[in-house]
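Undergrad: Following the hints, position chain B against chain A.
Taken in order, these protein sequences are the chains called A and B.
When you line the first sequence up against this note's numbering, it's residues 263 to 338, in that order.
When you line the second sequence up against this note's numbering, it's residues 3 to 224, in that order.
To be clear, the hints were calculated from the coordinates, so they are not data collected in a lab.
Among the clues, some could well be false.
To give an idea of the chain A side of the interface with chain B (calculated C-beta under 10 Å), a few residues [what the hints assert, rightly or not]:
#1 Thr270
#2 Gly274
#3 Leu276
#4 Gly289
#5 Arg299
#6 Lys302
#7 Glu331
Distance condition first, Cα-Cα at most 20 Å in a straight line; then the derived SDA-like pairs of lysine to any residue [claimed, not checked]:
#8 A:Lys272 - B:Phe113
#9 A:Lys323 - B:Gly99
#10 A:Lys302 - B:Glu32
#11 A:Lys285 - B:Gly110
#12 A:Lys281 - B:Thr156
#13 A:Lys281 - B:Gly176
#14 A:Lys323 - B:Leu111
#15 A:Lys285 - B:Gly176
#16 A:Lys323 - B:Glu77
#17 A:Lys281 - B:Val114
#18 A:Lys281 - B:Glu77
#19 A:Lys272 - B:Thr156
#20 A:Lys302 - B:Tyr59
#21 A:Lys323 - A:Arg334
#22 A:Lys272 - B:Glu32
#23 A:Lys264 - A:Val329
#24 A:Lys285 - B:Pro102
#25 A:Lys281 - B:Ala178
#26 B:Lys4 - B:Glu32
#27 B:Lys4 - B:Arg212
#28 A:Lys281 - B:Gly110
#29 A:Lys285 - B:Glu109
#30 A:Lys272 - B:Leu60
#31 A:Lys302 - B:Leu111
#32 A:Lys272 - B:Gly176
If you want the ones that stay clear, here's a sample from chain B, every Cβ over 12 Å from chain A, calculated [unchecked claim]:
#33 Met33
#34 Val45
#35 Ala104
#36 Ala134
Ideal Cβ positions, reconstructed from N, Cα and C, are used throughout, including at glycine.
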Amino acid sequence: MKLRIFVTLKPGVLDPQGKAIHKALDGLGFAGVNDVRQGKLIELDVADSTDDASIDDMCRKLLANTVIENYRVERA
Amino acid sequence: MKTAVIVFPGSNCDRDIAVALESVTGRKPEMVWHGDSALPDGVGLVALPGGFSYGDYLRSGAIGARSPIMRAVVEAADKGLPVLGICNGFQVLTEAGLLPGALMRNEGLNFVCRDVALTVENAQTAFTSRYAQGETITIPVAHHDGNYFADAETLDRLEAEGRVAFRYAGAVNGSARGIAGVLNAGGNVLGMMPHPERRIEAAHGGDDGRRLFEGLLETVGA
Numbered sequence: 263m264k265l266r267i268f269v270t271l272k273p274g275v276l277d278p279q280g281k282a283i284h285k286a287l288d289g290l291g292f293a294g295v296n297d298v299r300q301g302k303l304i305e306l307d308v309a310d311s312t313d314d315a316s317i318d319d320m321c322r323k324l325l326a327n328t329v330i331e332n333y334r335v336e337r338a
Numbered sequence: 003m004k005t006a007v008i009v010f011p012g013s014n015c016d017r018d019i020a021v022a023l024e025s026v027t028g029r030k031p032e033m034v035w036h037g038d039s040a041l042p043d044g045v046g047l048v049a050l051p052g053g054f055s056y057g058d059y060l061r062s063g064a065i066g067a068r069s070p071i072m073r074a075v076v077e078a079a080d081k082g083l084p085v086l087g088i089c090n091g092f093q094v095l096t097e098a099g100l101l102p103g104a105l106m107r108n109e110g111l112n113f114v115c116r117d118v119a120l121t122v123e124n125a126q127t128a129f130t131s132r133y134a135q136g137e138t139i140t141i142p143v144a145h146h147d148g149n150y151f152a153d154a155e156t157l158d159r160l161e162a163e164g165r166v167a168f169r170y171a172g173a174v175n176g177s178a179r180g181i182a183g184v185l186n187a188g189g190n191v192l193g194m195m196p197h198p199e200r201r202i203e204a205a206h207g208g209d210d211g212r213r214l215f216e217g218l219l220e221t222v223g224a
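The shape of chain A in the complex, shown without the other chains (with noise of 0.2 Å):
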C-alpha cells in the first residue's frame, strides 16, 4: 500500500522559505499571489495490513514534529 504524507507547518507559523518562494514568485511578475506555504511530502510503500493507528504513529513519533507541524495521510 502506498502512502502520501503531507507534512505542513501549523498555520500562523512562520515560514521563512514560503516568505522566499512568494517574494521570487513576485520578482517573475506574477500578480495576485496572497501567500506561499512551503511542506514537504513523504511517500511510504507499507504492508497492505498496516492500520491507521500504527500510520497515525509514524507521523507523530518521527515524520511530522507536531509543535510546529500539521499533516495528513493520503491513500494513493
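TA: Same frame as chain A, but now just chain B:
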C-alpha cells in the same frame, strides 16, 4: 567530573566540546556512539554536540533524537543527570521531548556564523552560576536552524519559571522572544544555539564560554 559526549553521524563539534570539557575537568570525556544503548557508569554530565546529525534529514535533530543512545539519555535526564545540548544538540533535545519548542529555519534564511552578545537571564542554574544575573556575554553562533519556536503559553511559562537561560541581545535568527537557550523544568537540561565550547580561552577571543563549564563543574561536582 567524568563526562560523556554523544557522537552522531554528522556531529562536527564533538571534538571541540571534548577539548573544552577536558580543559575544564582535567579528564577526557567518554565519546559515546549514537548506536550504543547505555551511558558509561558514573557520568556527571552528558553533552550533545553541534553539527548535522544524520545530515539534518527530515528535520534538524529529528533522526538523532530517535537514536538508541537517546533512550538512555532521556532516562538519565529524567532522573536529574545534567545534559547540555549545543546547537544541533539543542535541536536533538527538543526533538527528543526533553525541552519544549522547536528550532526552525532562521528567519533571514541565512546561515549565521559570528560572535553574538547574549544576556544571562538566569544566573541561578547549574549551568550559569559563574555568570552574573543580566550580564552580557559574547559567544559565537553558527547555525541555519536556530529560530526557536514555542506557542505563547509555553513561552510565558518558560519565562515565568526562569527557564530562559540566555537571550540574544540583538536580532540573530528570529527566535521567539530572542531566546537563545532554555532549561527543562528540573533545571538539569540546557539547550542553547550558541557555542560556549568555541570560546574557552584567550586565543578564541575570550573565555565567556569557559565559565559555563566551570560553573557546571562547581555545581555538579567531581
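Undergrad: Just to be careful: measuring from the Cβ of Thr270 (chain A) to every Cβ in chain B, is the smallest value less than 10 Å?
TA: Result: violated, 13 Å to nearest chain B Cβ.
Undergrad: Is it true that the CA of Lys272 (chain A) sits at most 20 Å from the CA of Leu60 (chain B)?
TA: holds, 17 Å
Undergrad: Between Lys302 (chain A) and Tyr59 (chain B), does the CA-CA distance stay at or below 20 Å?
TA: At roughly 12 Å apart (the allowed maximum being 20 Å), Tyr59 (chain B) and Lys302 (chain A) satisfy the hint.
Undergrad: Next pair to validate is Lys272 (chain A) with Thr156 (chain B); report whether the Cα-Cα distance is within 20 Å.
TA: holds, 16 Å
Undergrad: Just want to verify: Ala104 (chain B) was marked as not at the interface with chain A; is every Cβ pair farther apart than 12 Å?
TA: violated, 4 Å
Undergrad: Quickly compare the C-alpha distance for Lys264 (chain A) and Val329 (chain A) to 20 Å and report which way the hint goes.
TA: The given pair, whose Cα atoms are some 26 Å apart, is violated under the 20 Å limit.
Undergrad: Holds or violated: are the alpha carbons of Lys323 (chain A) and Arg334 (chain A) at most 20 Å from each other?
TA: holds, 14 Å
Undergrad: If you take the shortest Cβ to Cβ gap from Glu331 (chain A) to chain B, is it below 10 Å?
TA: With Cβ-Cβ at 8 Å, under 10 Å, it holds.
Undergrad: Measure nothing beyond the straight line between the CA atoms of Lys285 (chain A) and Pro102 (chain B); if it is 20 Å or shorter, mark the hint as holding.
TA: violated, 32 Å
Undergrad: Between the alpha carbons of Lys281 (chain A) and Gly176 (chain B), is the straight-line distance 20 Å or under?
TA: holds, 14 Å
Undergrad: CA of Lys285 (chain A) to CA of Glu109 (chain B), is that 20 Å or under?
TA: holds, 14 Å
Undergrad: Decide if the proposed pair is consistent with the structure: Lys281 (chain A) and Gly110 (chain B), CA atoms, cutoff 20 Å inclusive.
TA: Roughly 10 Å separates the two Cα atoms, so the pair holds.
This entry does not satisfy hints 1, 4, 5, 8, 10, 12, 14, 18, 22, 23, 24, 35, going by the numbered hints stated previously.
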